[in-house]
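Chemist: Listed below are the residues making up each chain.
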Amino acid sequence: MTSLKIEQVSRIFPARKGSPPTRALEPIDLQVGNNDFVTILGPSGCGKSTLLRIIAGLDRPTSGRVLLDGNEVTGPGADRGMVFQSYTLFPWLTVRDNIAFGLRERGFSEAERGSVADRYIAQIGLTGFENHWPKQLSGGMQQRTAIARALANDPKILLLDEPFGALDNQTRVLMQEMLLGIWERDQKTVLFVTHDIEEAIFLGSRVLVMSARPGRIKADIKVELPHPRSYKIKTAPEFVQLKERLVEEIRSEALKVVAEA
Amino acid sequence: MRPLDPVSSTQRAAYGLAFFVLFVAVWALATFGGYVSKTFLANPLTMLREGWDLLTKYGFLFDIGMTIWRVLGGFVLAAIIAVPIGVVMGAYKPIEALLEPFVSFARYLPASAFIPLLILWAGIGELQKLLIIFIGSVFQIILMVTVSVGNTRRDLVEAAYTLGASDRGIIGRVLLPSSAPEIAEILRLVLGWAWTYVIVAELIGSSSGIGHMITDSQALLNTGQIIFGIIVIGLIGLVSDFLFKAFNGWLFPWRLA
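Note that the protein sequences, when read in sequence, are chains A and B.
The numbering used here puts the first residue of the first sequence at 1, with every later residue one more than the last.
The numbering used here puts the first residue of the second sequence at 1, with every later residue one more than the last.
Mixed in with the good hints, there may be bad ones.
List of simulated lysine-lysine pairs, DSS-like, C-alpha gap at most 27 angstroms [claimed, not checked]:
#1 A:K17 <-> B:K93
#2 A:K188 <-> A:K232
#3 B:K57 <-> B:K38
#4 A:K135 <-> B:K245
Derived by calculation from the structure, the hints in this document are not laboratory data.
Note that this is a predicted model, so its numbers are computed, not measured.
When you get a sec, could you build the whole thing from the sequences and use the hints?
Modeler: If you want it as structure tokens, here you go:
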């Protein structure tokens with residue numbers, strides 16, 4: 001059982017020369033249950049990535065705290081896997097060694113690392129590419145490997161920060177289906193940050209809408225669409241209805257951002 | 001010819017060679033044509049004949065060997081000490097803040113100006129020659145390695161932390177491999193500089209080496225021998241550079257992939 005609790009977490013970036021401090025996150029309370037797939041949706045600059053980085057331990061909250069299974073998060077750790085928007089595979093390691101990196105850091109034997117890596121290579125459909133360098137892979141393949149690398153550690157929670165943001169539309173849809181397939185099969189608590197409304201609904205069992213800066217959670221919407229989901233669900237009436245609602249929510253936030261600028 | 005248009009590898013080799021040919025041709029024209037006096041510049045054939053004499057009669061191969069050993073000795077010594085210091089400085093900012101200003105200062109101390117002092121301290125033996133190359137190289141390597149390690153992509157470091165890496169893991173398995181190709185390039189560059197220092201070291205207070213031969217030839221006004229010595233240095237530099245490049249390519253296949 002995994003439970004993630006966020007208590008009054010806020011983040012203020014200190015003032016820099018000539019500019020006042022930036023309030024990136026208003027105090028946020030949030031509870032994520034076991035095996036939830038939560039998507040966090042918001043306009044750019046709303047602090048959704050900041051929230052994810054705080055949960056990962058890569059950034060510190062100005063106030064409040066993050067609890068994972070009752071333990072306060074004080075820094076990054078293997079119990080929270082993260083996938084970044086930028087391509088962060090280690091360029092000097094092959095696909096296989098990239099996937100096994102976390103296990104190696106945690107002192108697993110070579111045999112164990114190999115068997116786990118091979119299982120994930122098959123799962124993400126990269127059989128035959130085990131010994132390729134990241135440079136030789138397409139963007140989609142690199143992100144698939146990055147997801148496998150995070151999952152190979154068997155983290156309690158998987159954090160994804162717009163992982164498909166840099167991919168073309170066709171690839172992105174395939175990646176969404178692959179990720180959802182993994183989640184439906186393996187069950188895992190997932191936090192997924194995106195600014196793509198369709199992506200948020202298609203993947204999520206719960207969509208959190210964040211407001212424009214300073215970020216706070218504006219709406220918390222359950223997605224009742226049945227699993228397993230296929231891409232066809234995107235034309236179902238429930239899906240379209242939900243999408244219309246979210247478009248309105250996001251649009252009003254985006255307008256605020258434009259008005260401010 | 002268009003900007004940034006690539007050339008084939010055979011073309012590249014042919015062009016590279018062509019310039020050497022042109023260079024020798026201009027030299028031959030200037031000397032054989034009588035435009036430059038023999039006293040100031042020997043012609044290519046005299047140079048070759050003098051060079052042959054040096055190799056066969058005067059044991060020049062021994063001098064070449066001495067020079068190579070001095071360069072490599074001083075350079076390896078500097079690398080062994082400088083690379084770890086540079087890595088630690090790049091990784092830990094307080095240590096960088098402590099040492100960087102001094103190293104930056106020491107980097108500008110001209111190695112050749114230390115020759116009189118070093119002769120006083122270490123005599124005119126091999127140690128003195130090694131120390132000159134060491135002083136000339138060590139601070140440069142430290143500073144460049146520090147910058148290279150400090151420039152490691154932050155997102156790779158963050159990714160490693162979220163995968164459970166410890167601080168030691170970050171240094172050993174992220175910072176080092178990520179900057180290793182650049183460190184190898186830095187060493188290649190500094191080895192080139194080390195060659196300049198060794199000749200300077202051998203010009204003063206030395207009884208062997210390419211630099212020593214050059215000073216001897218100067219006394220005899222034998223420009224053919226001097227030029228032969230300079231060309232030998234150039235050739236050794238060219239070969240070592242090529243070997244270094246090939247070695248780096250073999251060591252870091254992920255860069256070329």
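Chemist: Taking the hints in turn, state whether each one holds.
Modeler: Tested hints:
1. A:K17 <-> B:K93: holds (23 angstroms)
2. A:K188 <-> A:K232: Holds. K188 of chain A to K232 of chain A sits at ~24 angstroms (cutoff 27 angstroms).
3. B:K57 <-> B:K38: Holds. K57 of chain B to K38 of chain B sits at ~23 angstroms (cutoff 27 angstroms).
4. A:K135 <-> B:K245: Holds, at about 21 angstroms.
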